[in-house]
Amino acid sequence: MSQPDSVLQSESFADLPRLPRDEGGPVFAEPWEAQAFALAVKLSEQGYFTWKEWASALAGELKAAASRGEPDDGSRYYHHWLATLERLVTAKGLTDPAAMLVRKEAWADAYRHTPHGKPVELGAGSSGPSRP
Amino acid sequence: MSSSGHGHDHDHDHQEVPSDLTLRVKALESLLVDKGLVDRAALDALIDTYEHKVGPRNGARVVARAWVNAAYKKHLLEDATSAIAEFGFSGRQGEHMVALENTPKVHNLVVCTLCSCYPWPVLGLPPVWYKSAPYRSRAVIDPRGVLREFGLELPEDVEVRVWDSTAELRYLVLPERPAGSEKLSEDELAALVTRDAMVGVAKVTLPQPGARS
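Sequence order for the protein chains is A and B. Each step along the first sequence adds one to the number in the working numbering, with nothing skipped, and position 86 is 86. Each step along the second sequence adds one to the number in the working numbering, with nothing skipped, and position 35 is 35.
The hints are simulated quantities; they were obtained by calculation from the structure and are not laboratory data. Do not take every clue at face value.
To be verified - Covered stretches of chain A (in silico footprint by chain B; criterion: 3 or more residues with CB under 8 Å from a CB of chain B, positions within the stretch not fixed):
1) 41-49
2) 52-61
3) 79-91
4) 94-107
Unchecked claim - A few chain A residues that face chain B, going by a derived Cβ cut-off under 8 Å, partial list only:
5) Trp32
6) Ala34
7) Gln35
8) Ala36
9) Ala66
10) Asp72
11) Asp73
12) Ser75
13) Tyr111
14) Arg112
15) His113
16) Thr114
17) Pro115
18) His116
19) Val120
20) Gly123
Being a predicted model, the structure only gives us computed values, none of them experimental. Heads up, the beta-carbon is just placed ideally off N, CA and C, and yes, glycines get one too.
In isolation and in its complexed conformation, chain B is listed as follows (with noise of 0.2 Å):
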């Protein structure tokens, strides 16, 4: 059976050609690359470390030393920056990086209302809703009612504390260390430590007993 209506042989066993965004992609990349303006090998390692090197679990380690250490807590609170590139983590685009110290009293909340600036040393990439609308526009207008979505409702008496990111000042949220952790070791705690409690839209918690799966 034959499916060609095209006067030549243009037989379906060639390759489909990918989407308009695909093609804009290489276009750009290959005219680039062609020009020596940036390395195809260089491209392909950045990537592969923000997919499988960078994320979330670094600044879990930076919070879990700080949960354990005192003075490293100090040092992380007044000085952020230099505090988290003691672990070797630190910014492509130089920017500041502020942790904010969630207490009983204060909760702290991430949002770069603009775009989507995040700090990708300590978080990797940021989730999809972090770079919606809604949460953009949100987290701003009614920080607890979109705490609530997430599953986090605050007593009356904290205070939520919204800070809108830049290019230049990145904020991660030191959350409270939770109640009846005291025995876990620093690796043991770091692993508790979620993403979405860096970025304050949720609280670090103890697996439940008996709810394990």
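This is chain A alone, in the form it adopts within the complex (with noise of 0.2 Å):
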């Protein structure tokens, strides 16, 4: 049932960059690419900002990170997803740079702290709010 991927010729235009290819993998490559993802549709079908915003800050990203010579091959999009959502939800109001930090490192410190196989949760270190 599966289709004979067609094959790649690499010889032709070997001027231009390759274009990556899969062969229908995995949608996200690790999870934090899937929660970047949901964070920003959900903020988006709440309203916090429209679709329109959220393509065209994406957009700036792509760009800014194309003109400082990142290679842009599709590996590091959620990268890019990443920094566009951190940027959007400050411009935004919704949180800050500041709080973002700090509780990146209240997580760092909740792995620190927490014996292997038990679930990692906030207050395992010394700050952090502890949530049931």
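Assemble the dimeric complex from its two separately framed chains, guided by the hints.
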């Protein structure tokens, strides 16, 4: 039932970057990508920003990355997605960079203080609110 | 043996701190959840939907229906958003869908040059190559070269039309029904339709007789 995948002709257009291909593999390479994706979609659905605002912010982020000379082969796509998300939630006043940094450290701390096999929760470290 | 060089009881029985990216997402998510701006269960449900439920199979069903049902095809080409909604597939961002019919003389190719707008409700999430800079830039500059890399060589007299998606407008290619598929049912036809064909980088083909694995 699966279609034979057409063979990539690497000798053509050797001067241009090759297109990354896939075999219809996993949608998300890592869990954080899925979480970042879901956050953007949900926040937009709930009206914190329109999808047009999102697309335009993401396009800006991708363009900036390209002008910094970063390779843009699609593999870093969700890096840019996350950066866009952090920028947009800050612009919309939903949270701010300082709070994100503090919370990030709290999570890192929680990992360092949680024994193997136990679920990692905020508060396992020295700081951060604990939640049920 | 002890590898601990630290003064206090910092043993290595604790969890490895995940990547910076993971921590950034966890930080943002937990802040927004704490503020009641998003619901964690709703986030999980959304991820599950995109990982397991939405995908190119939705689009394949739309294409197969259009192949076997002339009235549906007319509806799809005139108002793809409502024709697709008949299956219960609709956009999360309220975007409009447009179906582009491939013919022996016209081949349609879809790209999003600015970011990666893509018809999620019918194709799921975009593949890596769709999001890549080479595809985004070259699909417009050199569509035939791009198609050739995908193994699709089009005759010179076929016009290639490239469609640039936006946040509001998403395209679905209606590929040509393969010759020799007259006896297949709608379900059998749907099984032949690939994601690549609905983006316009491939044609739909019948499995080669004797080449089945």
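Comparing the hints with the structure gives:
1. Closer than 8 Å: that is the beta-carbon criterion, and the segment 41-49 of chain A has 7 residues meeting it against chain B, so the requirement of 3 holds.
2. A stretch counts as covered by a chain when three or more of its residues have a beta carbon under 8 Å from one of that chain; for the segment 52-61 of chain A and chain B the count is 6, and the coverage holds.
3. Figure legend: the segment 79-91 of chain A, annotated as covered by chain B; annotation consistent (5 residues with Cβ-Cβ distances under 8 Å, at least 3 required).
4. Judged by the Cβ-Cβ criterion of 8 Å, the segment 94-107 of chain A is covered by chain B as claimed, because 9 of its residues qualify and three suffice.
5. Satisfaction of the interface hint for tryptophan 32/A is found here, the shortest Cβ-Cβ separation to chain B being roughly 4 Å, below the 8 Å cut-off.
6. Interface hint status for alanine 34/A: upheld, as the beta-carbon distance to the closest one in chain B is roughly 5 Å, under 8 Å.
7. Evaluation of the glutamine 35/A hint against chain B yields a held restraint, the C-beta minimum of about 5 Å falling below 8 Å.
8. The beta carbon of alanine 36/A is positioned within 8 Å of a beta carbon in chain B (closest approach about 5 Å), and the interface hint is therefore held.
9. Annotation: interface hint on alanine 66/A holds; nearest CB of chain B at approximately 6 Å, less than 8 Å.
10. Using the Cβ-Cβ criterion of 8 Å, the hint placing aspartate 72/A at the interface with chain B is satisfied: the shortest such distance is roughly 4 Å.
11. Interface restraint check: aspartate 73/A against chain B, minimum CB-CB distance 5 Å, threshold 8 Å, status holds.
12. With its C-beta approaching chain B no nearer than about 7 Å, serine 75/A sits inside the 8 Å limit, and its interface hint holds.
13. Against a cut-off of 8 Å between C-beta atoms, the interface hint on tyrosine 111/A holds, since the closest Cβ of chain B lies about 4 Å away.
14. The interface hint given for arginine 112/A holds, since its Cβ lies 6 Å from the closest Cβ of chain B, which is under the 8 Å cut-off.
15. Taking 8 Å as the C-beta contact cut-off toward chain B, the hint placing histidine 113/A at the interface holds, the least distance being around 6 Å.
16. Look at threonine 114/A: its Cβ gets to within about 5 Å of chain B, closer than 8 Å, so that hint holds up.
17. For proline 115/A, the interface hint holds, the least distance from its beta-carbon to any beta-carbon of chain B being 6 Å, beneath 8 Å.
18. Interface restraint check for histidine 116/A: the shortest CB-CB distance to chain B comes to about 6 Å, inside 8 Å, so the restraint holds.
19. Interface restraint check for valine 120/A: the shortest CB-CB distance to chain B comes to about 6 Å, inside 8 Å, so the restraint holds.
20. A least Cβ separation of about 11 Å between glycine 123/A and chain B goes past the 8 Å threshold, and the interface hint is therefore violated.
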